[in-house]
Structure formats: structure tokens, C-alpha cells
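The sequence shown begins at 1 in the numbering used here and counts up one residue at a time.
Mixed in with the good hints there might be a few duds.
[Said to hold, decoys possible] Quick list of simulated restraints, FRET-style, between CB atoms:
{"#": "1", "residue 1": "Leu187", "residue 2": "Leu28", "range": "36 to 44 Å"}
{"#": "2", "residue 1": "Ile183", "residue 2": "Asn142", "range": "28 to 36 Å"}
{"#": "3", "residue 1": "Lys408", "residue 2": "Asn31", "range": "40 to 48 Å"}
{"#": "4", "residue 1": "Ile146", "residue 2": "Lys108", "range": "53 to 61 Å"}
{"#": "5", "residue 1": "Phe416", "residue 2": "Phe184", "range": "17 to 25 Å"}
By construction, these hints were calculated from the structure, which means they are not laboratory data.
Ideal Cβ positions, reconstructed from N, Cα and C, are used throughout, including at glycine.
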Amino acid sequence: MTILFSSLNNFLKLLIYIFPTTFVLGNLAINLFLLFIIILGVIIYNKNLFHFEDKQSNYLLYSFFALVIFSTLIQFFLEPTSKDWIKSFLFLKYIFLIIILRTMIVKKEINLNYVIKFCLILSSLIAMDILLQFAIGKNLLNFEPIKLGGGFVYYTGIFKDELIAGGFLLMFSIPGIFALPIIFKSLKKTHLSLLFFITSIFFLAAMTLAGNRMPVILFLLFLTFLAFFLKKNNLKLFILFFTSSFLILILALVLNFSKLEKITGEKTQFEKFSVIQLFKRYKNFYTGIPNPIVILREIKKEYPSLEKYKNTGKQFHTIKEFNSTKNYQYYPFTTGHLPIYITSIDLFIDKPFIGRGIKSYRNFCKEKIHKPNRVCESHPHNYYLEILNDTGLIGLVLILSLIYLQLKGNYTSYRFGEKRNDNLSNWVYLSVLLSIIIQFFPLKSTGSFFSTFNASYTFYFLGISFGLNEMRLKKLLN
């Protein structure tokens, strides 16, 4: 029996270490891994999963998940045709992921150095595959880049037709990059700074080629946050100088795009990509940033003459009032975020306290599309707006309070440094801290918070954070 449990435990550790690989393989692989992790975790640890010191975080966690189910069930009773109530119960799997990770970390069953090392290896392989695809036109699997509207090319690498390579690199390069000082701990500080600089450029180049603009911005933001958190002044100043210089260069090129376009003429493939397509795309991104004043102004407007079209499925641009510029102001669609944000805030105002349940935006956005500057999508493309739509203000307060406690605890442990005496590198704490901060950055336009891809990543690192904080609390009590 002891041999069996030891084998199961080793298999569970392996699943935890290689879990990031499933994000390349797809949702089926993610869910299968989660299922095995939960089954093995319950068999091995059973009652130990519920022995914890961090009462506040656990109450907030359970309350948030209970609210997800409660708000979804209420909406189901109002509209029995909805099947999202099943998804609200399946979402409970992430509670088990968190408590299993927490238990394994407290019992020192897993080595977190391996986790961030694997993140570095995986993100580096994906980045190299993208760079190879750019260099020779095909990646290792013979996939070609994708050409979409405007002639812009997305170098998606192993993800083929999915435009998620940049987001993937952002998510796993952030914890992964902290493996460098652990792997090369014998390097001098100057050499380590140079290695960090080269690796950052490497990931930035791959993210830029992937075509996803927000990951590039967020990676630069990550470097800025890192500079402020670091204790070593020489490395802090180096990162701040590098990040600010890169940002100034990008901004200058984007703002002067029209001049660049006139003087470039016929260039090589690389020059065309970098000067013409890239900066045009970032200029569109810059002009498409939703203006909060415009959003508030539009939300306050009432359209009583359009109420007769509510729930008819007719969009504003298809009805006769569309051409009445005297009464209606229609804003350019650009990146599409402005109408999505307006629609989601409009829906939130209808049910401000507990929302309408999991994945509610896609089910109820049709109630708003008869108004100008509204649109239907699968989700609001912002975590905060989606949580407000699905669980209301109560849900947002619960999850943000939980995040705050985790970040506060991680930062406290990080500041203790060597005094912790837990054999964990400070870089591990910093990797978890900054991974969560970037994941929940308020201005981040992203996929759905409740999707398998994003939720699995979020609660994977929150589970690690829970474990680190639980170790700290247990030592304080002892």
C-alpha cells in the first residue's frame, strides 16, 4: 500500500509540473489533467485538504464560488432553457486545484523551482518556434503564419489558426524568467543582468511577431513592476532604463507612422513587417483605446424611441433611426472594445449586486444591441467587467479581496528574504506575485475569466500562492 501511495504521489507531482503543457494541447488536455489531479489529490490527502490556517482567504474563495453558483441558478429559474448552471458547478474543480496545490506545498511535496523552470523551458520553445516561423515561413510542424485583414501577418507557431501565442508567452514567460537566477546562480550580477536583458528581448520579439498587442504592453508593464519590487538597485535601474527606452521608442514610431510610411518605399520582408505593418497595427491599437468619458456619456443616454426594438434581435445599424445623426452619435468600431465595454456596463447596471450568472454576457447582450454603440460577443474582454456581469459588485469585492490578501502575503514573505528559512528562493515568491498582478491588471483586454484556459492558469498560480501563504502562517503560529 505504501508503494502504491508513493507511486500515486509521484504521478501527481509530475502532473503538477507539466500542467503548463496542457495549455498548448487545448481544453481537453487541460480538463483531463485537472480531473486526474483532483482524483489523485483527494485519494492521497483526503481530510488533510481541509486543514488550513488562512481562514480569511478560504472564506472569500468559497464565498466567490458559492456566489457563481447562486447567481447562475437564480437566472436558470427565471429562464430554464439556459444550461450554464451546469458550468457553474463544474467551475468548482478550481477549488480542488487550489486546495491540492496548497496542501502539497505546505507538505513540501513539490519543488516550486521545477514549476518555474518548466515555464521557462516551455515558453522558450514556443518563442523559438515563432521566430523560426518568421525566419523561414514555417514552424517545426510545417505550419505557416496567418494573414488577416489589413495584410498583417500573425506568426502563431504551434497554435496554428489560434491567435493566442502572444498571450501564452506572456502568461508563462513571466514566471519562467525568474528561473534564470536560480539556474545560473553562480553568475556575476552584471552577467545575470545581461542574460535577463537578452531573454526579455527574446520574449518581446516573439510576442510582437505573434501579433497580439496587449501581451507586449503587459510584458513591458511587468518589467516596470519588477523594477520597483527588486531589492537590488543596480538591476532595478537597469530594468527601468531598458523598459522606459523601449516604450519611448515604440511610442515615437507609432505616433510618427505616417512619416515612416512615406519614406520606406520597397523594403525587405522584415523591414515591411517592422516599419509598415507593425506600427500601423499599434497605432490602431492606440486610437482604439476606449475613452472612459465617452463610455460614461453613452451609458447615461436614454433611448426611449428605440425600446420598441428591444429583444427583437435587430441591431441599431439595421433600423431606420440609424441615419438620424441628429439624435444618435455612432462611434467608430476600431478594435471593438468600446462598444463591448459599453454593452457590458449597461448589462451590469441592470443587475448590479449579484449579476446574472456565469457566462451571462453572451446570453443577454441581445437586450442592448437595439441601442447605438452596443455589440454582442462571447464575453466582455475584460476580467473586471465580466466578473461584474456574472457575479455583480459582491463577486468583484470577494475576488479582489482574495487577490489582495494573497498578494499582501506573498509580498510579506518576499520581503522577509532569507529570514523565512523555507528553502525557497525569493525569485519564486516574486514570480507568483507578479504573475497574479499581471493576470489581474485592470486595463488588460483579454479572454474570458471563466474560460478553461484562463481560469486554469489563474487558479494554478493562486493555488501556489495559497500554499506559500499557508506556510508563512503556520510558521508564525508555531
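Hint check results:
no. : hint                           : verdict
1   : Leu187 with Leu28: 36 to 44 Å  : holds, 41 Å
2   : Ile183 with Asn142: 28 to 36 Å : holds, 32 Å
3   : Lys408 with Asn31: 40 to 48 Å  : violated, 32 Å
4   : Ile146 with Lys108: 53 to 61 Å : violated, 45 Å
5   : Phe416 with Phe184: 17 to 25 Å : holds, 24 Å
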